[in-house]
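Taken in order, these protein sequences are the chains called A and B. Count along the first sequence from 1, add 427, and you get the number used in the numbering used here. Count along the second sequence from 1, add 443, and you get the number used in the numbering used here.
FYI, nobody ran anything at the bench for these hints, they're computed from the structure. A virtual CB, placed ideally from N, CA and C, is assigned to each residue, including glycine.
Ranges between beta-carbon positions, derived for each pair:
#, chain 1, residue 1, chain 2, residue 2, range
1, B, 583, A, 574, 44 to 50 Å
2, B, 487, A, 558, 38 to 44 Å
3, B, 567, A, 451, 40 to 46 Å
4, B, 580, A, 638, 40 to 46 Å
5, B, 499, A, 499, 19 to 25 Å
6, B, 506, A, 462, 39 to 45 Å
7, B, 583, A, 440, 27 to 33 Å
8, A, 549, B, 536, 46 to 52 Å
9, B, 579, A, 641, 51 to 57 Å
10, B, 499, A, 462, 26 to 32 Å
Derived coverage of chain A by chain B (criterion: at least 3 residues anywhere in the stretch with Cβ under 8 Å from a Cβ of chain B; other residues may be distant):
#, stretch
11, 521-528
12, 531-541
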Amino acid sequence: MFFILLATTGVILNHTDALRLDSRFVRSDWLLDLYRISPPVVAPGFSVGDKIVSGLGDRLYLDTLELAEHEGPLLGAVQFERMLVVALPDEILLLTPAGEVIERLSGADGVPAGMRRIGRDTAGRLVVRGAHGDYSADLERVEWRHEVDPEVTWAEPVTLPPGLRGRLVETYRGKGLPLERVLLDIHSGRILGAWGVYLVDAAAVLFLGLVLTGLWMWSRRPR
Amino acid sequence: MVLALGACSLNIQAGGAYQQPEDFVREAFGGAPPEPSRLWLDSGLQAQIREVLERDLGVLRVRYWGRDRRTAWVLEEIGKEQPITAGIVVEAGKIDQIKVLVFRESRGFEVRYPFFTDQFRGATLREGLDLDREIDGISGATLSVRALTKLARLALLLHAHSDFAAER
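If we strip away everything but chain A, and leave its shape as in the complex, we get:
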């Protein structure tokens, strides 16, 4: 049984690319629990029109559509000139209403360091609050000015509706464990923890012993 498992997983793993094992994900709850893949705490999102932008772990979502990976917390999102503008600690994402990334603006594009909030002022300009104050953005010229109206409507976090929250958790967990990982761990014995590896080692030694003793017996048979 053991050798059948070893050989089968080995053959399947040999065709990882063809079978796209690295982009197929395990959805079984008990396996996800075994790997301790649980979603991080669901943070509040930001309402943009009839949709919600939210961040879960290192992933960013527009409703349940995964947008991009990112580092750090989601700082805010606003609608601006037929675009959705999403603020992350070191980056601003410009999205189409459907969630396609138009452009990513980072520190190299002059995005103010230490960004904390995003909003719009009474003149309708896009405004960000950085470590050194508030800036209005000219996204056409990619310039940042210290000219901001006193009244700014900042993006405020909203609690995710329970339905969306549940679907996000399911989506997050559903892309956490590639099939390739599970097969590799079955093949190596790691699926059973550290002792599983020793078990596979012991089985391999046993198998080697069988081969060697078999050869020895064959060499001693009467000719």
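Mind docking chain B on chain A? Use the hints.
The following block gives chain B in isolation, referenced to the frame of chain A:
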């Protein structure tokens, strides 16, 4: 007060940033850079980009600067684990200059030196979206060399689709 592009500090480790992108662009146009332009990537161009980078660029438009038949691009590609930011100037379909602006990896930084980057000067794109010449590698910096070569090919490809590709 207008803050120039990139006036805010880059969030990277000290020593890895060799030139601010806006300084590179200014230098590329003799101190008087043009307004930035944008190149929208249609599905055909996205497919060609995928061929060059072996991945999607992940954006629908790219910002660049152009005047006459000269364009400047600030592009990024992963070396081993971290993105390398390079500034590339293309003139009349040929690489005029390639410069590493930010290098974030711990190894392979030799690609920033002229002995390597000068190999790209005059390079053009031939059929198959390859460079018209072989680029000599640097031992220990294979992935960085590969990343910069991809970026050179990408800049030439994007230039060919820009408003400044042909004499206007």
